[in-house]
Amino acid sequence: MSFFLRLAVLALLPVLAACGRDRVVADEISPAYTPAEVAYAASDRDLRVVIHGNPVGGSPDRFARTVTDAMQNKIMGVRTNFTTTPNETARRDYAVVLAFNPAENMLNSALCRGGPIPTKPPGGSLVVQSAFCRAGGALTSATGWLDEPRGLDDPGLRDLISGLTFSLFPSRRVECLGC
Numbered sequence: 001m002s003f004f005l006r007l008a009v010l011a012l013l014p015v016l017a018a019c020g021r022d023r024v025v026a027d028e029i030s031p032a033y034t035p036a037e038v039a040y041a042a043s044d045r046d047l048r049v050v051i052h053g054n055p056v057g058g059s060p061d062r063f064a065r066t067v068t069d070a071m072q073n074k075i076m077g078v079r080t081n082f083t084t085t086p087n088e089t090a091r092r093d094y095a096v097v098l099a100f101n102p103a104e105n106m107l108n109s110a111l112c113r114g115g116p117i118p119t120k121p122p123g124g125s126l127v128v129q130s131a132f133c134r135a136g137g138a139l140t141s142a143t144g145w146l147d148e149p150r151g152l153d154d155p156g157l158r159d160l161i162s163g164l165t166f167s168l169f170p171s172r173r174v175e176c177l178g179c
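Each residue of the sequence shown is one higher than the one before, starting from 1 at the first, in my numbering.
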């Protein structure tokens with residue numbers, strides 16, 4: 001392969017990667033967010049996951065297992081167990097909240113306020129709003145999209161959840177410019 005052909009292929013890789021079926025955008029990182037607090041909240045313990053909606057239909061328990069399985073091992077340097085049924089090791093003030101296809105537009109920070117979040121029935125494209133919450137407030141939030149999810153076994157769904165989880169727990173604090 002010639003040098004110029006290799007260079008052209010390397011230049012196109014980011015463009016081709018952007019053509020995937022799923023996209024994740026880290027929306028907000030609170031100035032209060034620190035990796036040390038993540039370690040306090042989640043290291044070697046359960047971290048509660050709250051799920052609103054089921055965009056693929058079927059068993060809610062199976063959907064919850066699919067979601068939490070895709071979340072595992074996505075916090076750099078912290079070993080935790082994401083679960084919808086936390087044991088006594090979980091810190092009650094912390095949770096990850098995900099809303100699948102919310103019925104109304106809402107700020108991601110609103111996910112942490114508790115209470116039910118109305119969602120749309122299964123079908124069509126998927127929007128997921130997520131937040132890492134501490135006692136009613138969002139420390140981080142992210143939104144993800146997936147064109148035409150194909151059920152629980154769709155690798156795109158697992159990739160979307162993995163990407164959201166990774167975005168919710170950045171490995172270092174992002175400094176605010178101009179604050």
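Warning: the hint list may mix true and false statements.
Derived EDC-like pairs (lysine to aspartate or glutamate); straight-line CA-CA distance at most 20 Å [what the hints assert, rightly or not]:
#1 120 - 88
#2 74 - 27
#3 120 - 28
#4 74 - 148
#5 120 - 147
#6 120 - 104
#7 74 - 104
#8 74 - 28
#9 74 - 46
#10 120 - 37
#11 74 - 44
Quick list of the computed label-pair ranges, beta carbon to beta carbon [to be verified]:
#12 153 - 107: 14 to 22 Å
#13 136 - 44: 20 to 28 Å
#14 120 - 39: 33 to 41 Å
#15 145 - 118: 33 to 41 Å
#16 87 - 60: 32 to 40 Å
#17 25 - 88: 15 to 23 Å
#18 44 - 84: 31 to 39 Å
#19 93 - 147: 17 to 25 Å
#20 87 - 39: 36 to 44 Å
#21 72 - 37: 18 to 26 Å
#22 155 - 84: 16 to 24 Å
#23 170 - 107: 15 to 23 Å
#24 35 - 88: 35 to 43 Å
No lab work stands behind these hints, which were simulated from the structure alone.
All C-beta atoms in this analysis are idealised placements derived from N, C-alpha and C, irrespective of residue type, glycine included.
Here is what the structure says about each hint:
1. 120 - 88: violated (33 Å)
2. 74 - 27: holds (18 Å)
3. 120 - 28: Violated. Residue 120 to residue 28 sits at ~24 Å, over the 20 Å cutoff.
4. 74 - 148: violated (24 Å)
5. 120 - 147: holds (15 Å)
6. 120 - 104: It holds: about 9 Å lies between the C-alpha atoms, which stays within 20 Å.
7. 74 - 104: violated (29 Å)
8. 74 - 28: Holds: residue 74 and residue 28 sit about 18 Å apart, inside 20 Å.
9. 74 - 46: Holds, because 14 Å separates the two Cα atoms, which is no more than 20 Å.
10. 120 - 37: Not OK: residue 120 and residue 37 at ~34 Å, beyond 20 Å, violated.
11. 74 - 44: holds (14 Å)
12. 153 - 107: 14 to 22 Å: violated (32 Å)
13. 136 - 44: 20 to 28 Å: holds (25 Å)
14. 120 - 39: 33 to 41 Å: holds (36 Å)
15. 145 - 118: 33 to 41 Å: Between residue 145 and residue 118, where Cβ atoms are some 19 Å apart, the hint is violated.
16. 87 - 60: 32 to 40 Å: violated (20 Å)
17. 25 - 88: 15 to 23 Å: With a Cβ separation near 35 Å, residue 25 and residue 88 fall outside 15 to 23 Å, so the hint is violated.
18. 44 - 84: 31 to 39 Å: 19 Å Cβ-Cβ, so the 31 to 39 Å window is violated.
19. 93 - 147: 17 to 25 Å: At roughly 36 Å between Cβ atoms, residue 147 and residue 93 fall outside 17 to 25 Å, so the hint is violated.
20. 87 - 39: 36 to 44 Å: Hint violated: Cβ distance 19 Å, outside 36 to 44 Å.
21. 72 - 37: 18 to 26 Å: The hinted range 18 to 26 Å holds for residue 72 and residue 37, with Cβ atoms some 20 Å apart.
22. 155 - 84: 16 to 24 Å: Once the Cβ atoms are compared, 22 Å apart, the range 16 to 24 Å for residue 84 and residue 155 holds.
23. 170 - 107: 15 to 23 Å: holds (20 Å)
24. 35 - 88: 35 to 43 Å: With Cβ atoms ~24 Å apart, the hint is violated.
The earlier numbered hints that this structure contradicts are 1, 3, 4, 7, 10, 12, 15, 16, 17, 18, 19, 20, 24.
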